[in-house]
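Turn these sequences into a full structure, and let the hints guide you.
If you're matching them up, the sequences are chains P and H in order. Convert by adding 420 to the 1-based position in the first sequence; the result is the number in the numbering used here. Convert by adding 365 to the 1-based position in the second sequence; the result is the number in the numbering used here.
Worth flagging that the hints you see were computed from the coordinates, not collected in a lab. Ideal placement from N, C-alpha and C gives every residue a C-beta, glycine not left out. Check the hints yourself; a few may be wrong.
As the list claims (entries may be wrong) - To list a few chain H residues with every Cβ distance to chain P over 12 Å, as calculated:
#	residue
1	391
2	394
3	397
4	432
5	437
6	446
7	493
8	562
9	570
10	613
What the hints assert, rightly or not - In silico DMTMM-like cross-links for lysine to aspartate or glutamate, where the CA-CA straight-line distance does not exceed 25 Å:
#	chain 1	residue 1	chain 2	residue 2
11	H	575	H	497
12	P	635	P	622
13	P	520	P	688
14	H	556	H	569
15	P	422	H	505
16	H	611	P	688
Next come the chains, spelled out residue by residue.
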Amino acid sequence: MKRYVGRRILLLIPTLFGMSILTFGVSNLTPGDPAFTFASRLANRPATPDEVAQAREDLGLEGGLVTRYVRWAGNAVQGDLGISFSTRLPVRPELVQAAKFTLQLAIPAALLALLIAVPTGVVSAVRRNRPADQVLRVLSLAGASMPSFWLALLLVVLLAVNYSLLPAAGRAGTESYVLPIVTLALAPAAVLARFTRSAVLETLTTEYVVAARAKGAGEAVVVVRHALRNALVPLVTAVGNSLGHLVGGAAVVETVFVWPGIGRLMVEAILQRDYPVIAGIVLYSGAVFAVISLVVDLLYAVIDPRIRVGSDA
Amino acid sequence: MTVTMTGTHTAPEGGEHALPPELGRVSLIWRVLRRDRTAMIGVVLVGGLVAAAVLAPVLAPHDPNAVDVVRKYHPPSREFPLGTDNLGRDILSRLLVGARLSIGTAVVAGLSIGLIGLVMGMIAGWFGGVADTVIGRVVDILLAFPLFLLALGMTGLIGPGLRNMTIALVGVAWAGYARIVRSAVLAERGKPYVEAARAAGATELRILRKHVLPNVVPPVIVLTTIDMGVVLLAISGLSFLGLGVKPPTAEWGSMLAEGRNYLDQGPQMTIFPGAAIFLMVLGFNLLGDGLRDALDPRASRALTHG
Chain P
421 MKRYVGRRIL LLIPTLFGMS ILTFGVSNLT PGDPAFTFAS RLANRPATPD
471 EVAQAREDLG LEGGLVTRYV RWAGNAVQGD LGISFSTRLP VRPELVQAAK
521 FTLQLAIPAA LLALLIAVPT GVVSAVRRNR PADQVLRVLS LAGASMPSFW
571 LALLLVVLLA VNYSLLPAAG RAGTESYVLP IVTLALAPAA VLARFTRSAV
621 LETLTTEYVV AARAKGAGEA VVVVRHALRN ALVPLVTAVG NSLGHLVGGA
671 AVVETVFVWP GIGRLMVEAI LQRDYPVIAG IVLYSGAVFA VISLVVDLLY
721 AVIDPRIRVG SDA
Chain H
366 MTVTMTGTHT APEGGEHALP PELGRVSLIW RVLRRDRTAM IGVVLVGGLV
416 AAAVLAPVLA PHDPNAVDVV RKYHPPSREF PLGTDNLGRD ILSRLLVGAR
466 LSIGTAVVAG LSIGLIGLVM GMIAGWFGGV ADTVIGRVVD ILLAFPLFLL
516 ALGMTGLIGP GLRNMTIALV GVAWAGYARI VRSAVLAERG KPYVEAARAA
566 GATELRILRK HVLPNVVPPV IVLTTIDMGV VLLAISGLSF LGLGVKPPTA
616 EWGSMLAEGR NYLDQGPQMT IFPGAAIFLM VLGFNLLGDG LRDALDPRAS
666 RALTHG
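Put into C-alpha cells, the structure is as follows:
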C-alpha cells in the first residue's frame with residue numbers, strides 16, 4: 421500500500437510540470453506584449469518605451485522564454501502568482517479568497533447533488549424499465565440538458581422577482597446561498613443519478629448479489645449492503661470529477677448571482693485581459709483538481725482491496 | 366476458424382440480406398432506433414431544430430435585426446409568435462437565425478473533437494512507441510484539468526470571441542476521445558482476426574480501415590452526439606458571459622445575456638432562448654442515448670435473430 425501511494429504521488433510531478441508548461445505556453449501565445457498592456461493601462465495612454473521597460477522589470481518579464489518560465493513556475497510553486505494587471509495587487513490572496521467563496525457553494529452543491537442522485541439512481545436501477553425508472557430517467561436527462569444560467573434566471577424571476585421569497589443576488593445571510601447552490605447542484609445531480617443507476621444495475625447482476633439473495637437476505641439488504649456498496653467504488657470517481665465541473669460551472673452561476681468566487685474572478689479577468697489572474701486560476705485549479713483525482717484514486721484503493729493488491733503484486 | 370476477408374466482421378451476419386454491408390448496418394441501426402420511443406423524440410428534436418436553422422431565412426417571419434422601439438416588449442401574439450425584445454425585434458426570427466450560429470458551432474466543434482480524438486487515439490494505439498508516449502502525456506495533462514475551466518481559461522488567454530472559444534473547446538476536449546479510442550484500438554490489435562488478416566497479406570492501412578475502424582467508430586459517434594449538446598451548453602454559456610458571440614448578433618447564449626437585463630419587462634427574452642438551448646441539448650442527449658443502445662451489437666443481433 422505504501423509503495424502504491426508513493427508511486428501515485430510521484431506520478432503527480434510530471435502532470436503538474438506539464439500543466440505549468442501548457443498554461444505558460446498558451447499565456448505566451450497571446451498576441452501583444454503584456455508589459456505594454458500593463459504600462460499603457462497604468463498610464464491611461466499608449467506607453468512609452470521607457471515605461472514598457474520599467475513594467476517589464478516590475479512584472480518579471482525580462483529574458484527569454486525559458487528564463488521566464490523558470491522564474492514564473494518557481495514563483496508559482498512558492499505561492500507567488502505575480503501581480504494582477506487590473507488591481508495591481510498580488511494575485512494569490514485574491515485567488516484564495518475567491519476560492520473560499522466558491523467552495524462555500526461547491527461543497528454544499530456536491531452534497532445536495534449526491535443526496536438527490538444516489539436514491540434516484542438506486543430506485544431507477546431497482547425498478548428498471550418500470551414507470552418510476554422511466555420518469556426518473558427523463559427527469560435526469562432533462563436536468564443534464566438544462567443550461568444552468570437559464571435555470572438560474574428562471575428561479576430568480578419566479579422566487580426573487582415575483583414572490584420575493586429569496587434574494588436575487590449577492591451574499592447576505594443564509595437565504596442568499598439557496599438559489600446558487602440549487603442551481604449549481606442540478607447538473608451534477610443529473611449526471612450522478614445516471615451514473616448511480618448504471619453502476620447499481622451492473623452490480624445487481626453479479627454473483628455475490630445472486631448469492632446474497634439465495635441465502636435469503638431481504639431486498640433492502642441486498643440493494644443497500646451488497647449492490648450499492650459495490651457501486652460506490654466507481655461513484656467515488658464520478659464525484660471527484662463532478663467537483664471539478666462544479667468549480668467550472670460556477671463561472672456561469674456566480675455571474676448570475678453576483679457571487680465573488682473563482683468563476684466570477686476568472687470572467688472578470690478575461691474581460692479585463694488580466695493574464696496573470698487567468699493563468700493563476702488555470703494553474704492552481706488544475707493542480708488542486710489533480711490532487712483531488714489522486715485522493716480519489718487512493719480512496720478507491722481503500723474501498724476496493726482488489727486494486728491495491730493487484731498493483732503491489 | 367474461418368476469416369472472411371471481404372466484409373467487415375461487424376457486418377450483420379446472415380446472407381439473406383441482399384444489401385451491401387455498410388448500407389445494411391445503417392438500416393439495421395435505424396430499425397433499432399425506430400423502436401426506441403425516447404430516441405425518436407431525440408431524432409425529431411435534432412432534425413426539427415436543424416431543419417429550422419437551415420431554413421431560417423425562409424421561415425423567419427420578420428427581419429431578425431429590424432429595430433422598432435414602438436413595439437418593444439410585445440407579448441407573444443399572432444404577428445410575433447414569441448413576442449419582441451427590448452428593441453422591438455421579433456424573438457422568433459432571432460431564435461431561428463441564431464440557431465444557425467449556435468447549432469452550427471456545436472456541430473462543427475463536436476465533429477472536430479470526435480475526429481481529432483479518433484485520429485490521435487488510433488495513432489497512439491496502433492503505432493505505439495514514441496507517438497503513444499507523446500500523445501498519452503498530452504492527454505493525461507489535458508484531462509487533469511477541469512474541462513470547462515480550462516476551456517474558459519484558454520479562451521481568455523487567446524482572447525474572447527466565437528472562433529477562439531471554439532478552438533479552445535476543441536483543443537481541450539479531444540483528449541477524452543483519444544484515451545477511449547486508444548484503449549479500443551489496443552484491444553482490437555491483439556485479436557486473432559487482425560493477425561489472420563496480416564498473415565493473408567493485408568496492408569496495415571487496410572487492416573486499420575476495414576477491421577479496426579468499424580469497431581472504434583460506434584462509441585465515438587455516440588459520444589460525439591452527446592457532446593454536441595455539451596458543446597452547445599458551453600458555447601451558449603460562454604456567450605452568456607460575454608466571452609463569445611457579442612450582441613447584437615443573434616445567438617442563443619447572447620440573446621439570454623441581453624434578456625437577463627430585462628427580466629421584469631420582457632421575460633420572453635429570457636424564457637425562449639433558454640428553452641431553445643434546452644430542447645436542442647435534450648435532443649442530442651436522447652439521440653446519443655438511443656444510438657448507444659442501437660450500436661450495441663447485442664441489440665442489433667437481438668433484432669436480426671428475434
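How the hints compare with the structure:
1. 391: At about 25 Å from chain P, residue 391(H) clears the 12 Å cut-off, so the statement holds.
2. 394: The assertion about residue 394(H) holds, with a minimum of 21 Å to chain P.
3. 397: Residue 397(H) is indeed farther than 12 Å from all Cβ atoms of chain P, at 16 Å.
4. 432: holds, 24 Å
5. 437: Residue 437(H) clear of chain P: closest Cβ-Cβ about 19 Å, beyond 12 Å.
6. 446: holds, 20 Å
7. 493: Consistent with the label, residue 493(H) stays out of reach of chain P, its closest Cβ about 19 Å off (over 12 Å).
8. 562: holds, 33 Å
9. 570: holds, 32 Å
10. 613: holds, 18 Å
11. 575(H) <-> 497(H): holds, 22 Å
12. 635(P) <-> 622(P): The given pair, whose Cα atoms are some 20 Å apart, holds under the 25 Å limit.
13. 520(P) <-> 688(P): Between residue 520(P) and residue 688(P) the Cα gap is close to 17 Å, so the pair holds against 25 Å.
14. 556(H) <-> 569(H): holds, 15 Å
15. 422(P) <-> 505(H): Since the Cα atoms of residue 422(P) and residue 505(H) sit roughly 24 Å apart, the hinted pair holds (cutoff 25 Å).
16. 611(H) <-> 688(P): holds, 16 Å
The structure fails none of the hints (numbered hints given earlier).
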